[in-house]
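Chemist: Sequence lines, in order, name chains V and X. Following the working numbering, the numbering of the first sequence begins with 128 at its first residue and continues without gaps. Following the working numbering, the numbering of the second sequence begins with 128 at its first residue and continues without gaps.
All the pointers check out, no bait thrown in.
Because identical chains cannot be distinguished in the list, a pair is counted as satisfied if it fits within a single copy or across any two copies.
Under the rule of at most 25 Å between Cα atoms (straight-line distance), these lysine to any residue pairs were calculated in the SDA-like manner:
(1) K173 <-> N556
(2) K190 <-> V204
(3) K153 <-> E296
(4) K431 <-> N287
(5) K496 <-> F140
(6) K173 <-> E555
(7) K153 <-> Y294
(8) K282 <-> N161
(9) K153 <-> P285
(10) K342 <-> S235
(11) K153 <-> S291
(12) K153 <-> I512
Keep in mind the hints are simulated off the structure, nothing from the lab. No experiment lies behind these values; they were computed from the predicted model shown.
2 protein chains.
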Amino acid sequence: MKKLLIFFCLPLFSKAQVNDSLFIRKMADELLTNGRAYEWLRQLTKQIGGRLAGSPQFEKAVKWGEAVMKEAGADNVTLQECMMPNWNRGGRDAATIITIDGKKSNRSLDVLALGNSLGTNGNPVTAEVITVADYTELEAKKDLLKGKIVYYNYKFNPRNIDPSISYAEAGQYRRSGASRAAKYGAVGVIIRSLTEATDNNPHTGGMTYNDSFPKIPAVAVGGDDADYLWSLGKKSSFTISMTTSGKFLPDAKGYNVIGELKGSVNADTYITIGGHLDSWDVNEGAHDDGAGVVHTLEILRTLKALGYQPKHSIRFVLFANEENGLRGGTKYAEEAKAKNEKHLFALESDEGGFTPRGFGFTMNTTQLKKVQSWMPLLAPYGTGILRMGGGGADIGPLNRNLGTALGGFLPDAQRYFDVHHARSDIFENVHKRELLLGALNMAALVYLVDQYGL
Amino acid sequence: MKKLLIFFCLPLFSKAQVNDSLFIRKMADELLTNGRAYEWLRQLTKQIGGRLAGSPQFEKAVKWGEAVMKEAGADNVTLQECMMPNWNRGGRDAATIITIDGKKSNRSLDVLALGNSLGTNGNPVTAEVITVADYTELEAKKDLLKGKIVYYNYKFNPRNIDPSISYAEAGQYRRSGASRAAKYGAVGVIIRSLTEATDNNPHTGGMTYNDSFPKIPAVAVGGDDADYLWSLGKKSSFTISMTTSGKFLPDAKGYNVIGELKGSVNADTYITIGGHLDSWDVNEGAHDDGAGVVHTLEILRTLKALGYQPKHSIRFVLFANEENGLRGGTKYAEEAKAKNEKHLFALESDEGGFTPRGFGFTMNTTQLKKVQSWMPLLAPYGTGILRMGGGGADIGPLNRNLGTALGGFLPDAQRYFDVHHARSDIFENVHKRELLLGALNMAALVYLVDQYGL
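Just chain V, with the same shape it has in the complex:
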């Protein structure tokens, strides 16, 4: 029926579009029949696992990425060195409610320290808890916070159709909640995880301290514990004892893994496709961003398997250290600028390996119109959205430094924040065909940009 559709549409297409349509269909056949992305993801998640910048697993992932980049058929593979922050969780994070209304309690919470947060030096921090819904309530209660632990209950707004908007709204509590509370003398913070998941997994993720205030410990709790703390705070006073062990080791050497297909016409102009190789330490980094890594490798493999000769040079990049430093993406753009490289387009996959919905772009409106004219070629494979707004953290510096046009792959977003930065971001939660279809839609877009420019 899909094949019929293509031929049915032929009269509406120009000859070039017919050729494009047939080539994209060939990519689909190759990718859906011989695709390696799912098996590569199994290797990355099950044989290496969590791979935070600075960890031995990250080093293993670099070696793995280099080998698979060659297996996939890159003309050449290089490692681009960068120094990365080296935060280490240091041990098991713990928090226990030890009194409720003055009576002894022993209810433990399932917590994860936020990334980059500093530990309690082996001594638990014990204090009464002040619960607040948001920063407005924090400010209203600022005189009560000295010596206390603050619990932020800020919830994902369920009315947003796109949960990434809820994530953007709630993110400030993870990133800045500790210092905002420390400013008023708080000694620790607990946040409701940035998720609407119906389980109790806590979600870690990057935070930063404001150097003007004490660097207090910060942890996240999952949905059930969050609901419990919030209702407990409504009726009782309670005390929590929390222990974390986060610390920074000296910066570590890391690498962007870069594979290249040499351009046959404009070899000095680059198209970049990438995802990030690092992940948080508490999971397998399957959706975040194992999916982006294997999308990138699969597009390379597919183009090569079909003997495609790109007009422009295409770089396939596994970026180092997106999660807690962005040093890989920063380095890539710095070097591009230093070498005065021409970068036509960069495309990132860092929103999971779910079923494809489309792409968001950071480019001018003329460029966007051109991309939107390709909709009939992309729609049969799942793309329904080609909109302004989007890109990715790792390719952002290319846009800021060189003005490069950006695209961000948009898989369906409903399930992403269920697993994002949580223990549940594992291989088993990635669906083989959804993963392959993501690579396919990205490959088709890259092919069209390579053929027609922007």
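Please arrange chain X on chain V, whose structure you already have, making use of the hints.
Modeler: Okay, now just chain X, sitting in the frame of chain V:
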């Protein structure tokens, strides 16, 4: 950002469209904040479970559906009686490889008898196995089949972007494979399950016998066992012993559960929304079709919660016996015809509770154009497809008997056939927000049809 989008778009909308846009946004807020669909699905799947026509669980489901229809706010609730076939699995299905190349084996396969297939009367059927890829190979081997068990290895075509096309292609082996083999003297059949799932769950589903040939037992195997049988057949001769216990009991009384919201302008013209209440016996019928049941109930609840007065009468129907008889849908259309009712539109949800992609329609092109003009109102909630072709098994008779225009909800299809008719179709594999968003997109479409007709 979504809210901003609406106001940004206002100048492009007529006044009526602005009102429509605001009302649909109100439905979204109500549904995503107070939606009951997920909890209702938990009740239906966990408190009742599998509910094949004729089973005590189906009777319980009718009582439950009647109660929830009232809870959701129907003006009146009726039970529409119909007689249903009453197939019973009768016990545990089993198949074991007992010899390989004449040597004893004891490898058991995980099998499920196909629905409506007849059992082996307590005596295992034991025979050598002939493996075939498809009917072409079956015909080529027809002289070898007497007294043998046939294994059909027909695989889902991974190149179809939409797996429901693969399902349509492969379905003939489940439906007719037994009689096609019995015609040449085969004594049993095993089929590869209709799925591309990466697990070993067998998938049951309806089959029918051709009365001209012996009614031989028929079972399905999951992916791993299927791969094993196929490769074994390439190099060895082997014998399988299979036991099934399927039988038909006397037809059972069943009911369509029908809730109604009375129309305020055209009360004698009906819009029907429905899903089917029955499921296979081996799972919880969560996606198939618990999702369609709770979509239907949730749309009713949401319209009622907002005090919506429909112009047309809207019927919310939980159909009896879709899986192995279609007696509920048939009865509904028969009675509509007998009473000379006017039916404007019928919408079915029977493809799972996954993230919404759009709708397929059986209507004339003028009607389809009108529906497609509503795309800007539906797209913010996930709808990207409004295409010709679609409807649903239960509402099909309305179209055939009365010419009623049909719509079928199209959730993302990639995961559906992983769980369809398998033990894995359970509550845990349904995602809360995806389920609610499906109800929302259906509710918005129904609202627009009610407001503007077709």
